[in-house]
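Please construct the entire structure, taking both the sequences and the accompanying hints into account.
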Amino acid sequence: MSGTTELTAAALMPADEATREIAEDLYREVVDAPIISPHGHVDPVLLLEDAAFPDPSSLLIRHDHYVTRLLFASGVSFADLGLDAARPAEPRAVWRRLAENWHRFAGTASGYWLQHELASLFDVRSELSEANADEVHDRIERVLAEPGFRPRALFDRFRIEVLATTDDPLDDLATHRELTATGSVAGRVIPTFRPDAYLDPAGAVFADRVDALLDATGRPGSFDGYLRALEDRRAHFLSHGAVSTDHGVLEPFTADLSADDAERLFRGAREGRLDSDEQRLFRGHMLFQMARMSVDDGLVMTIHPGVSRNHHEPTFAAFGPDTGHDIPVRTEYTQNLRPLLNAFGTAPGFHVVLFAVDETVYSREVAPLAGFYPSVFIGAPWWFLDAPDAVLRFRSAVTETAGFYRGSGFIDDTRAFLSIPARHDMARRLDSSFLARLVREGRVSLPTARRIARDLVDAVPRKAFKL
Amino acid sequence: MSGTTELTAAALMPADEATREIAEDLYREVVDAPIISPHGHVDPVLLLEDAAFPDPSSLLIRHDHYVTRLLFASGVSFADLGLDAARPAEPRAVWRRLAENWHRFAGTASGYWLQHELASLFDVRSELSEANADEVHDRIERVLAEPGFRPRALFDRFRIEVLATTDDPLDDLATHRELTATGSVAGRVIPTFRPDAYLDPAGAVFADRVDALLDATGRPGSFDGYLRALEDRRAHFLSHGAVSTDHGVLEPFTADLSADDAERLFRGAREGRLDSDEQRLFRGHMLFQMARMSVDDGLVMTIHPGVSRNHHEPTFAAFGPDTGHDIPVRTEYTQNLRPLLNAFGTAPGFHVVLFAVDETVYSREVAPLAGFYPSVFIGAPWWFLDAPDAVLRFRSAVTETAGFYRGSGFIDDTRAFLSIPARHDMARRLDSSFLARLVREGRVSLPTARRIARDLVDAVPRKAFKL
Amino acid sequence: MSGTTELTAAALMPADEATREIAEDLYREVVDAPIISPHGHVDPVLLLEDAAFPDPSSLLIRHDHYVTRLLFASGVSFADLGLDAARPAEPRAVWRRLAENWHRFAGTASGYWLQHELASLFDVRSELSEANADEVHDRIERVLAEPGFRPRALFDRFRIEVLATTDDPLDDLATHRELTATGSVAGRVIPTFRPDAYLDPAGAVFADRVDALLDATGRPGSFDGYLRALEDRRAHFLSHGAVSTDHGVLEPFTADLSADDAERLFRGAREGRLDSDEQRLFRGHMLFQMARMSVDDGLVMTIHPGVSRNHHEPTFAAFGPDTGHDIPVRTEYTQNLRPLLNAFGTAPGFHVVLFAVDETVYSREVAPLAGFYPSVFIGAPWWFLDAPDAVLRFRSAVTETAGFYRGSGFIDDTRAFLSIPARHDMARRLDSSFLARLVREGRVSLPTARRIARDLVDAVPRKAFKL
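Chains as they are written, first to last, in our numbering: chain P, 1 to 467; chain Z, 1 to 467; chain D, 1 to 467.
It is worth saying that the hints were derived from the structure and are not from the lab.
Honestly, I wouldn't trust all of these hints.
Copies of the same chain look alike in the list, so a pair counts if it fits in one copy or across any two.
Said to hold, decoys possible - In silico lysine to any residue, SDA-like type, Cα no more than 20 Å apart, as pairs:
{"id": "1", "residue 1": "K463", "residue 2": "N101"}
{"id": "2", "residue 1": "K466", "residue 2": "D297"}
{"id": "3", "residue 1": "K466", "residue 2": "S239"}
{"id": "4", "residue 1": "K463", "residue 2": "R450"}
{"id": "5", "residue 1": "K466", "residue 2": "H63"}
{"id": "6", "residue 1": "K466", "residue 2": "R92"}
{"id": "7", "residue 1": "K463", "residue 2": "P34"}
{"id": "8", "residue 1": "K463", "residue 2": "F158"}
{"id": "9", "residue 1": "K466", "residue 2": "A52"}
{"id": "10", "residue 1": "K463", "residue 2": "G298"}
{"id": "11", "residue 1": "K463", "residue 2": "R451"}
{"id": "12", "residue 1": "K466", "residue 2": "G75"}
{"id": "13", "residue 1": "K463", "residue 2": "G241"}
{"id": "14", "residue 1": "K463", "residue 2": "G75"}
{"id": "15", "residue 1": "K463", "residue 2": "D297"}
{"id": "16", "residue 1": "K466", "residue 2": "G40"}
As structure tokens, this is what we get:
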């Protein structure tokens with residue numbers, strides 16, 4: 001077989017030999033460190049059930065919209081990927097689609113992770129191709145059947161110390177409770193409070209969600225009651241180990257409304273009669289309220305703004321959300337977050353982590369904000385920017401203003417449980433590579449670089465997420 | 001003479017020696033590949049007449065607004081450049097202006113191309129300077145007089161396989177027909193349908209152009225007749241080998257109007273009574289209609305947005321357009337193109353190539369769009385971004401999301417016929433350099449990098465432009 | 001002690017050995033060149049009084065809001081930094097705060113400059129740490145007491161040829177006059193006309209400032225009188241050696257109003273009854289008028305746009321401006337500057353230097369503008385962008401369009417007198433590094449690179465600032 005995907009110590013290391021030696025030295029400091037994953041989308045049921053993983057294409061293709069989107073863009077239909085419920089595809093046929101399009105993933109983040117997983121988890125030592133598609137498929141199937149390849153065993157093998165999931169405010173968190181009770185994995189699996197659907201009056205389910213929230217908590221239907229209800233659920237999450245809340249918004253707009261205005265907009269929102277400006281104002285006030293609650297209860301706030309979801313309506317109508325056509329838009333932080341930061345930016349213990357898919361904000365807005373406000377932490381490169389070159393651009397853009405200690409630490413943000421070690425390993429290699437350049441350029445001493453490398457996988461995420 | 005501009009195998013190759021060796025290896029795969037130029041501005045009459053080129057300054061300075069703009073910015077008047085019809089300048093004096101300002105072009109794309117042309121076409125082995133200005137001028141004059149230096153001979157020597165021109169919808173394309181009929185060059189010279197003046201009611205000539213279009217096609221003066229007239233001319237272009245249409249717009253705004261609204265705006269546009277919002281809406285609807293026609297007739301659509309033309313009104317008034325003061329502006333793609341992509345983004349066979357002069361859109365908008373929509377292709381770095389560092393930034397920004405196969409292939413987009421090989425050679429060196437880094441960093445295997453290098457100058461542009 | 005901050009010839013040099021050798025060669029051309037500092041914020045009284053510097057923390061921490069902001073973000077209170085007048089802090093305790101947080105400055109521009117100053121001025125050869133904080137403090141104190149460490153002696157030792165200060169239009173410039181009269185330093189100390197408070201009707205002091213200006217000049221209270229008054233003060237600055245005016249604005253918006261409109265807005269501005277649109281229009285017209293005056297009197301215009309000042313109102317209320325929470329915003333140049341450039345962009349002798357904290361404008365707007373308009377010069381990377389990686393990104397973004405000769409030369413823009421050599425040295429190393437890469441990549445010849453390196457610290461700033 002031509003080519004090789006064998007992982008070497010040199011992967012993602014700097015081209016320059018002298019710099020590479022420093023990078024490899026730094027990487028050795030962190031290669032075996034436990035994984036702290038304070039934000040992600042793994043389903044906790046996976047760990048509770050601890051069932052064997054299904055076939056290779058279910059595991060590595062069908063549920064990874066990073067992978068399916070590029071195959072779709074390359075001309076492979078959703079049906080051929082097994083995504084059309086009405087026309088099921090043979091799993092091995094789906095796998096062959098990936099193999100014959102493998103060159104299209106060269107240079108992509110998804111391609112790098114898949115290559116890493118094939119090599120490190122399944123000992124596939126050749127590059128995937130049409131020629132070896134079946135052979136690789138068979139090999140993966142064999143490994144999936146091994147008892148040591150169940151989710152819990154992998155959790156421990158991956159050395160995961162903390163894994164945060166993302167959960168609906170009304171989730172009873174029984175899965176998390178059982179997981180903790182059974183002590184089935186060595187690390188902690190903690191929930192994250194994600195109330196988007198409860199905060200955005202433009203969403204189709206807003207009124208229903210508010211009703212359900214008030215029902216579940218027994219709070220009255222006033223704006224104040226609704227705030228209390230949210231606080232109740234946050235308390236429930238806190239008592240189950242949650243350390244953070246997460247907020248996906250189109251823009252990080254915030255507003256501080258009077259009690260009367262908030263009450264009036266809340267009523268209008270429930271009755272579906274707000275115009276788009278009023279909806280925006282209400283959303284902005286709710287993000288502000290979330291910060292206020294974080295000051296009170298200590299939950300770290302993470303904000304993921306700037307993605308226009310479900311860009312292609314026909315695909316959304318046919319296949320639902322998370323099908324590969326969420327597209328970033330330009331995003332503004334400095335003015336949008338000003339009300340929130342004026343009110344809470346220096347409040348003791350308040351933490352807000354700012355993520356971005358618009359990389360222009362790194363040097364212009366996010367690093368300067370994090371270079372002053374003790375509450376602001378710079379989110380690791382997210383989504384489309386969670387890739388080798390983008391990570392180095394990010395480090396270059398933020399470090400000169402904010403240093404290495406105002407960040408979130410690496411965030412894998414993944415649904416793909418198997419990709420977690422590949423992603424964290426990528427981050428460790430890249431941080432080693434970036435630091436090595438600064439050492440080589442006489443900007444950071446080697447002992448300090450070593451300390452930073454270790455802190456980036458340990459003290460830094462623990463600080464940002466209060467772990 | 002001090003300095004040398006001698007081209008070496010190392011030009012534009014990576015600094016790191018180990019990476020450089022890989023890059024040179026990859027470059028050898030493509031150095032002799034034929035040139036595919038699916039979008040540009042060479043006048044086909046040049047090839048039909050096949051006359052000797054005029055003097056060096058006419059050839060290399062006066063008609064290249066990349067060059068004249070920087071000389072003008074450096075304090076050389078348009079008159080001294082021979083651009084003021086009322087005050088003709090001696091060609092040799094113009095050439096001396098370039099020579100004495102040659103250091104100002106160091107590090108620029110124009111400087112690199114000129115240096116490449118001087119070395120490879122005219123065997124000038126020293127750096128241009130005041131001291132050797134006359135000697136170099138004489139040498140170029142001698143070469144220009146050689147029979148082997150006529151346009152057709154160069155066309156074959158450059159190994160051009162396809163050269164697309166850019167043409168007015170009412171062009172009868174006789175020049176292209178004759179060129180094809182005579183078989184005078186080995187490759188194909190094909191037209192491109194460029195209807196800007198017919199689609200923008202804010203343009204001074206809009207009403208005239210619509211009248212002329214309706215006259216020429218005999219279609220009625222309704223909006224429907226006007227659409228039919230445009231379709232007629234596209235069919236004429238198709239029958240002359242055209243593969244694409246080109247659209248220069250300030251923003252890639254698109255809109256899908258009702259038949260009644262379109263009719264009403266069309267009438268208003270012809271009578272010059274639309275306000276700027278209505279003009280925008282009409283332009284957006286016409287871009288939408290162009291996509292609709294592309295779905296029907298198969299012509300690839302290319303969009304070149306984001307340039308504010310003729311920034312300095314006094315220069316425009318005195319010297320006309322294309323005089324060096326077209327300045328980019330921030331551009332939005334995600335929302336602007338949504339109507340078009342919702343309607344046609346997954347239509348079979350539809351291709352739309354998105355160019356940009358705002359490089360912030362590469363990672364944020366264009367790569368994510370091309371990473372999902374099978375119809376969207378990422379245009380090569382354009383205009384101010386068509387330069388070594390900018391090309392590498394482009395590759396870094398788009399590849400991790402969209403890979404190497406969702407692009408247009410290199411586009412020279414030039415009026416300067418002689419610069420075509422220099423530009424394509426630059427692209428090949430840079431792609432080899434970029435790929436070599438990924439190989440060195442363990443991200444792409446060498447065999448796959450070889451395949452990609454070859455595909456980038458062959459399969460990729462053939463796919464995007466249906467060649 | 002572990003670690004070393006000893007400066008070596010390799011600091012900020014390229015990682016690649018072959019490129020590094022070229023860079024070191026180029027750096028040797030400029031390492032000893034005099035410092036030209038045409039824009040900055042050193043207080044001229046410092047030089048006139050020529051007193052010994054106070055303690056280390058006053059000198060290096062308390063008055064440098066680059067340093068205090070990151071300490072504040074790291075959890076050190078303003079009181080602990082000695083910034084709270086009501087609760088003075090012991091200087092040595094402040095110094096210890098820096099030492100214990102020193103790792104947080106790794107990779108930042110401030111950290112690099114401090115390290116450079118500690119090594120080159122105080123011969124501190126170990127990395128600052130909690131362990132050596134007192135020892136380093138003592139050493140600095142000893143040096144500060146030496147007679148050769150007074151401001152004037154350092155001015156000469158730094159080889160400063162020109163140092164521009166920034167001054168209020170009503171400043172009588174007596175300090176500058178005395179400095180010149182005494183001939184106490186070898187170089188020139190010149191004022192800069194900074195009229196922001198006199199041009200922005202949204203500022204709290206606008207009406208007062210206008211009254212004071214009219215009083216001081218004896219001009220009538222009409223708009224015309226006010227313009228004459230500004231011209232009078234510019235003439236005063238010119239007669240004291242000023243070469244430029246400086247303009248800090250949120251956006252570089254310009255407008256050319258009729259005399260009547262200007263008169264009407266001026267009256268409204270003085271009476272505090274303009275709405276925000278009218279205030280913007282008036283500001284835009286005043287920036288336009290400043291350009292008009294520059295055409296007349298020859299003062300170079302510098303524009304520093306794009307920073308939202310005093311983001312955190314509580315900190316501003318308690319500690320005043322320049323306390324670390326000025327945050328950049330997205331900025332537009334192409335359309336905003338069009339009225340100004342249409343009127344004066346090609347006026348003989350007019351110079352306008354465009355600075356930016358939004359690095360997206362470099363390739364998109366600023367370099368294209370400077371690539372055409374002879375009046376437009378590209379400002380050196382400013383504020384958050386005045387750092388090693390950012391400087392290289394800047395060079396990469398502007399050079400391919402505008403070359404090396406359309407820039408301002410390096411601008412230190414600093415209040416911190418002691419940091420001036422560190423900053424200029426940084427710029428020289430980075431320019432050598434950037435040029436070396438172009439040489440290594442076959443894009444610029446070594447002799448031309450040498451010439452450019454020398455011009456960047458000499459001919460280029462002299463040209464831009466008419467020195």
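| Out of the numbered hints, which ones does the structure contradict? | 5, 6, 8 and 9
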